[in-house]
Structures are given as structure tokens and as C-alpha cells.
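Trainee: Now for the letters of each chain:
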Amino acid sequence: MPIVIFQSPDGTQRKVSAASGTVLMQAAVSNDVEGIVAECGGNAACATCHVYVEATHAERVGPPGDVEDEMLDFTAAERRPTSRLSCQIELSDALDGLVVQVPEEQV
Amino acid sequence: MSAVTTAAPGAPVVELDLAELRRDPYPAYARLRRHAPLAWVPSIGRHLLTRYDDIVRAEKLPEVFSSREEGSLLLRVVGPNMLREDDPQHRRLRSAAEPPARPRQVRDRWGEAFERNARRLLDRIAGRGAADLVGDFAEPLVAANLALVLGLRNASADDVAAWSRAMMAGNSNYADDPGVWQRAEEATAAIDTAVAEMAEIARREPDGSVISSMVHAAEPVELAEIQNNVKVIIGGGVNEPRDVFGVGAWALLRRPETLNRVLKDPAAWKRVFEETARWVSPIGMYPRQLTQDYEIAGVPLPAGSRVALVIGSGNRDESVFDRADEFDIDRPHQPHLAFGGGPHFCMGAWVARHEVSAIAWPLVFGRLKGLRLADSAEDRLEGWVFRGLTSLHVTWQAA
Numbered sequence: 001m002p003i004v005i006f007q008s009p010d011g012t013q014r015k016v017s018a019a020s021g022t023v024l025m026q027a028a029v030s031n032d033v034e035g036i037v038a039e040c041g042g043n044a045a046c047a048t049c050h051v052y053v054e055a056t057h058a059e060r061v062g063p064p065g066d067v068e069d070e071m072l073d074f075t076a077a078e079r080r081p082t083s084r085l086s087c088q089i090e091l092s093d094a095l096d097g098l099v100v101q102v103p104e105e106q107v
Numbered sequence: 001m002s003a004v005t006t007a008a009p010g011a012p013v014v015e016l017d018l019a020e021l022r023r024d025p026y027p028a029y030a031r032l033r034r035h036a037p038l039a040w041v042p043s044i045g046r047h048l049l050t051r052y053d054d055i056v057r058a059e060k061l062p063e064v065f066s067s068r069e070e071g072s073l074l075l076r077v078v079g080p081n082m083l084r085e086d087d088p089q090h091r092r093l094r095s096a097a098e099p100p101a102r103p104r105q106v107r108d109r110w111g112e113a114f115e116r117n118a119r120r121l122l123d124r125i126a127g128r129g130a131a132d133l134v135g136d137f138a139e140p141l142v143a144a145n146l147a148l149v150l151g152l153r154n155a156s157a158d159d160v161a162a163w164s165r166a167m168m169a170g171n172s173n174y175a176d177d178p179g180v181w182q183r184a185e186e187a188t189a190a191i192d193t194a195v196a197e198m199a200e201i202a203r204r205e206p207d208g209s210v211i212s213s214m215v216h217a218a219e220p221v222e223l224a225e226i227q228n229n230v231k232v233i234i235g236g237g238v239n240e241p242r243d244v245f246g247v248g249a250w251a252l253l254r255r256p257e258t259l260n261r262v263l264k265d266p267a268a269w270k271r272v273f274e275e276t277a278r279w280v281s282p283i284g285m286y287p288r289q290l291t292q293d294y295e296i297a298g299v300p301l302p303a304g305s306r307v308a309l310v311i312g313s314g315n316r317d318e319s320v321f322d323r324a325d326e327f328d329i330d331r332p333h334q335p336h337l338a339f340g341g342g343p344h345f346c347m348g349a350w351v352a353r354h355e356v357s358a359i360a361w362p363l364v365f366g367r368l369k370g371l372r373l374a375d376s377a378e379d380r381l382e383g384w385v386f387r388g389l390t391s392l393h394v395t396w397q398a399a
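Protein chains in written order, with UniProt numbering: chain A, 1 to 107; chain B, 1 to 399.
Honestly, I wouldn't trust all of these hints.
Label-pair ranges, simulated between beta-carbon atoms [to be verified]:
1) I201(B) - T56(A): 47 to 57 Å
2) D108(B) - R60(A): 29 to 39 Å
3) D24(B) - E34(A): 41 to 51 Å
Heads up, simulated SDA-like pairs for lysine to any residue below, C-alpha to C-alpha not over 25 Å straight-line [as the list claims (entries may be wrong)]:
4) K270(B) - H57(A)
5) K60(B) - Q7(A)
6) K15(A) - T82(A)
Hints were generated in silico from the structure; no laboratory data involved.
Virtual Cβ for every residue (Gly too), placed ideally from N, Cα, C.
Chain A with its partners taken away, still in its complex shape (with noise of 0.2 Å):
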């Protein structure tokens, strides 16, 4: 199972395990990750799930899709090179090790 760390903004971390084909937002949200809302349920309707992949780990993770990327265009945070939707984030064994932030806000 793949693990992932989700940063806060005050620099805290959580150690998340989640199991392959689980969403990141899935796996914060099963965790009680503050800072992930998630309103639509990993539909890529609500732009509330948005995290920042860490520069190193961009590549791995890849670009957004077409809807996703128009969705990060109206988070409620700013919308930096390695933005993401944690709903569009299908996690696998290629993925252990991600280290995500969370933005300041969602809403």
C-alpha cells in the first residue's frame, strides 16, 4: 500500500496509507486530513480538494486532465505550477512516498 504525506500549512505532517487505485482526496478524507473538503465527492466539480504536489514529486505525478484543469483555475487558494485536485490523483505503488501540501483554504 502506497503511502502519502499530507503537509498543512503550519508545517505539520500526516502519514497516510492508502490501497492502490484509492484517490488521494479519498485517502485524506478516510484520514480526517484537515484542509481537504472535497463538496463533490471527487467529481472535479467543487475545486475543494486542491493540493500542491511537492516540485520534486511533480513529475511522477503528471499534469492535470482537461476538466481538472479548468477547475484549478477557481480554487479558493492560488493556483501554482504544481497544482492539483486530489480527486484526479489515483494512487499506486509508483506513488509511495508522495508528499503533498495542503493550501490554505478551500472555500
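Following the hints, put chain B in place on chain A, whose structure we already have.
Mentor: Structure of chain B alone, referenced to chain A:
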């Protein structure tokens, strides 16, 4: 699983007066949250779920809290539609209808036309010095915008607004008034005709509208499905943005200091929008039906139980929002429930945010100088399933 239309054993039974709920539901909601956060209410024929955390939990379990509620008046008025479906059936229809309502489309494809519609309506009233901003401005504006996004070039804003009112009356026709059913049927028949005509045109000439998007969807959608889902969108798509516009304008006109700050910092209109939607949610509740036995708020519910998620109450939950009954655009950012949650998250959220907070409010407050409330006794907040101002009479210095 057929619907259970009685109280679950063990659920507290609370009598609520529907007329009182329509007038002001918030005192009753506060009592329910404190004493009976899941309660059977005989006059509504459903269990009401009123605390924020419980509602969020239910929204995250659509496989337990099904949208396929039997006997719903909405089904009677418009027929099968995505609001009363679960995934994957819901997802097929939602994916087909949604693209024109996504935020970049709203801004880039529709934004200019929304603004033209707003300016035209303002031109019409600006010289008068007095108007009802709900009836004379907000309703015709959002109806015109809706006709555009749906692709109903063969319908006027007045048609769309009248259809919406007739269907909404049907959706809440618990009194079984035959005249209400008849007007709702006339409206849905007119929509069927209008949609069929535009779908035929969109088949040949795609135009980026909802109808066009559904006609050309990757997974095929039948004409009857397009017709029914357009009805649902018209039903909700008028009163919800209209009511956020009205309540937010009213709240600001009663708070001159806040209004002045917003006028100096236009970025704050977004906060006004989200706080208004929290404070007086245009949709106050929606129904779900349990697919299996499930315990929530301390009450074990059997499969088939009917539960109303009362988001108008969750948005006033004092354990989540300090001074929850106050309108305060500076409150800490906390997600509200006004757009619902999970797969049914409001499809029109981005349309409403744009047309109200980026266009309608800034234009009205910028153009109508010396705007103030006329303090008409007709202007009342009303409703609990849907809640908004009946009218908003204002005066200003006509140039």
C-alpha cells in the same frame, strides 16, 4: 426497497407547524439540533436530519442515502431525472449536461452575454427611481441567462420564469391542488416542445449549450431525458440565484458599513455570495431514502426510511459557525452546505456565483446611486424547502 412512510422505531416524533416553518424555520431547527437531531415530523412525512456533521456524513454516503426517493413530487412533475437518480445513471446524465456550466465556460462563453442582459434590465428601470429588485431585475436576469446556457433560443426570459414558478408550485403541492397540477403540466408540455425543437437544431449545429452538450454526449442520451433534465434545471435554476441575489442585496442594504467596505473592495463580493448562501440557503432541504439499515444521530433507521437533509439548518449549526444566525462576511472560511455535497453537488454553482457576485450585484450597486430599502411590508423572507425574499422594494436617485 419500497419507501417506509412512518417513523422509524426509536426516532423521536416532533410536531412542526408548516405555516410557521414557512415564516421562519430557524427557531425550530435550533431546537431540533439541540434535542432531536434526527426527528420524525408527521406533517412532512419524513425524518429531518439537522446537524451539520450528520448531513455531511449522509452526503458522503450516496450508496446508503439514495436520491431515488419514491413518491417524490418532483418525479410527478418532471418525470425521471438526474436529481432523483444515483450513479452510474446520474453520472451519465450529469456528465452530458455539465460542461457548459463549468467555471471557465461560464466566464468565457457566457459572461459577456450575462453582463449585456444585466445592463439591459438596468437600463429599463434606472430612470424610475424605484423598483422591486427581485421581480423587476433578478428574476428576469437569471431566467434570460438560463435560457441562454440551456440553449432555449426559442423561449423568452418570461417563459422560463413562468415555467419555473409553475413547476416549483407543483414540487411543493402537498395540498394536492388540481389547479397547481394543471399549471405545472402546461409548463412541462411547453418545455417538451421547446426542447425538442432546439435539440433538433443543435443536432445539426452544436452551440455549446446544455441541450447541445446532451445531444452530442459521448454516452447517448434520449430526447425524453434531455427534456426532463432541462425541466429540473429550469425548476431550480431561476429561484436559487434569484434568491441569493435578493437576500444578499437586502442584507447589505441593512448594513451600510459592510456595503461600503464591499464597494471599495470588489473582491469581497465572493464572500458576500458564500455568506448569503450559508445564512439563508435558497434550497433548505432535500430528500433521501435509505437503501439499507443505518444508524445516524443515534437513531437506527431501517432500510426504506425517508430522511430530509436539512441544509438550511446545518448552515446555522452553532457548533460549526460562531453566531450562526448573524450575517457576517468576515467569518472564518468554513464550507457551507448550500450547494449540497457528493455527486449531486449543485451543477449551477459556477453559473450562480458568476452571474450574481461578478455581475448582478456590482452593476446594481454601482449604477443605482443612493440605493436604499423602501421598507415595504410586502418584502418578506419566506419558505423552508426553498427560502428567499418575496420581493425587494428599493428606491434610488434617478438621474
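Trainee: What are the numbers of the hints the structure violates, in ascending order?
Mentor: Those not satisfied are hints 3 and 4.
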